Amino acid sequence: MTDQSLQNFDIRTFQEQMLQWYDDNKRDLPWRQTKDPYKIWVSEVMLQQTQVNTVIPYFERFMRKFPTVYHLAEADEQTVLKKWEGLGYYSRARNLHEAAREVVAIYGGQVPEEPKQLATLKGVGPYTKGAILSIAFNQPEPAVDGNVMRVYSRLLKIEEDITKYRVKKQFEETVRQTIPAHNPRDFNQSIMELGALICTPREPMCLLCPVQQHCKAFAAGIERDLPIKKKNKKQKVIPYVALLIQNDQGDFIIEQRPASGLLANMWQFPMVPIEEIGRDHLENWLYGEYGLHISLKEERGKLRHVFTHLIWEITVFTAETTDTAPLDKRLRIVQPSELETFPFPVSHLNMMKFLQEF
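Using the numbering used here, read the sequence shown as starting at 9 and increasing by one per residue.
Note that these hints are calculated values from the structure, not bench results.
Source: prediction; values computed, not measured.
Hints may be right or wrong, so weigh each one.
What the hints assert, rightly or not - Straight-line distance between alpha carbons at most 20 angstroms, and here's what the computed EDC-like set of lysine to aspartate or glutamate pairs gives: (1) 244 - 169; (2) 91 - 106; (3) 241 - 181; (4) 238 - 321; (5) 237 - 169; (6) 130 - 110; (7) 91 - 321; (8) 130 - 168; (9) 239 - 259; (10) 310 - 297; (11) 124 - 168; (12) 239 - 169; (13) 43 - 31.
What the hints assert, rightly or not - Cβ-Cβ distance ranges computed for the label pairs, FRET-style: (14) 38 - 305: 14 to 22 angstroms; (15) 133 - 315: 15 to 23 angstroms; (16) 97 - 122: 21 to 29 angstroms; (17) 337 - 292: 53 to 61 angstroms; (18) 348 - 286: 39 to 47 angstroms; (19) 273 - 229: 48 to 56 angstroms; (20) 342 - 216: 50 to 58 angstroms; (21) 345 - 211: 41 to 49 angstroms; (22) 31 - 321: 34 to 42 angstroms.
For glycine and all other residues, C-beta sits at the position ideal for the given N, C-alpha and C.
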């Protein structure tokens, strides 16, 4: 990718066509009905690695619970995680929560519109910063994510690996040069919308594209070959046993995950990396690890949960315990009706169906 990528590219016509297409074809999405930077910020965080149709109900529920940055800042983390439950990538929620507190404490509850200040907030990277500045404040800042890089790599026939930091920074500069000063808000959203509706990853609908005449990849017949992206490393598979443990009173034992790392501070049914322990030593290991006495009962089913970098293969067992009080600070004994008040990751939400069989 070189500084010559925009040579002989009709930027003004491209801008006009994109803005007209967006005006005619944009989807009616709840975060497009406001210029409130807080709401736009929340929507952009939710939309990272998550499809629009999935995000819409979460966004609406989140806004009802936390209508302003003050409401979010004042909430406790467990409440925030509960409202995020099922959306995944929970570090997004924790970072957003912490950043909301920074906005209240440092900026008097006003989301900063100065780029350097905005970039200091927890979890606000270059894309989120650009999206907030352009959409909420109408500033000519690039908001470059995978969708945008896909569109521009095809438009300009950029045949470099978009996963490289150097290449992404060059994309940001290229996009910056094409943003119209009079309407960066709609222009940036038009590129995002084109990537979502027309210039899709596997089967781009080039015949419907409003800027097909500018697309060098289409002219060369290589639009399906771009963008170039290195293959991810093979995901590590980890077998687990998850235990639905019930005591004599009919209560269940749940466990809080560590405060850092994957799914931090979420709740789960006790889960054991079974390859490390072995089935025959499971009961002894639980006593040694938690001081918890259990009697294993029966297998109820298997679940598979895929993360970006690893896969959990979970076998779900029921178990009984005579313990009536938690013997480890990580554990809590709760009534079945209380389970819905705790934030669980999707894999453990899916185990709830087995509770009905007790």
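Here is how each hint holds up against the structure:
1. 244 - 169: violated, 24 angstroms
2. 91 - 106: holds, 15 angstroms
3. 241 - 181: Violated, because 29 angstroms separates the two Cα atoms, which is more than 20 angstroms.
4. 238 - 321: violated, 26 angstroms
5. 237 - 169: holds, 5 angstroms
6. 130 - 110: Satisfied, since the Cα-Cα distance of roughly 8 angstroms is no more than 20 angstroms.
7. 91 - 321: violated, 26 angstroms
8. 130 - 168: violated, 30 angstroms
9. 239 - 259: The given pair, whose Cα atoms are some 46 angstroms apart, is violated under the 20 angstroms limit.
10. 310 - 297: At roughly 24 angstroms apart (the allowed maximum being 20 angstroms), residue 297 and residue 310 break the hint.
11. 124 - 168: violated, 29 angstroms
12. 239 - 169: holds, 10 angstroms
13. 43 - 31: holds, 17 angstroms
14. 38 - 305: 14 to 22 angstroms: violated, 46 angstroms
15. 133 - 315: 15 to 23 angstroms: Between residue 133 and residue 315, where Cβ atoms are some 20 angstroms apart, the hint holds.
16. 97 - 122: 21 to 29 angstroms: holds, 27 angstroms
17. 337 - 292: 53 to 61 angstroms: With a Cβ separation near 21 angstroms, residue 337 and residue 292 fall outside 53 to 61 angstroms, so the hint is violated.
18. 348 - 286: 39 to 47 angstroms: Given a distance of about 34 angstroms, which is not inside 39 to 47 angstroms, the answer is violated.
19. 273 - 229: 48 to 56 angstroms: holds, 50 angstroms
20. 342 - 216: 50 to 58 angstroms: Given about 53 angstroms between the Cβ atoms, the range holds.
21. 345 - 211: 41 to 49 angstroms: holds, 47 angstroms
22. 31 - 321: 34 to 42 angstroms: violated, 48 angstroms
Hint violations for this structure: numbers 1, 3, 4, 7, 8, 9, 10, 11, 14, 17, 18, 22, all remaining hints satisfied.
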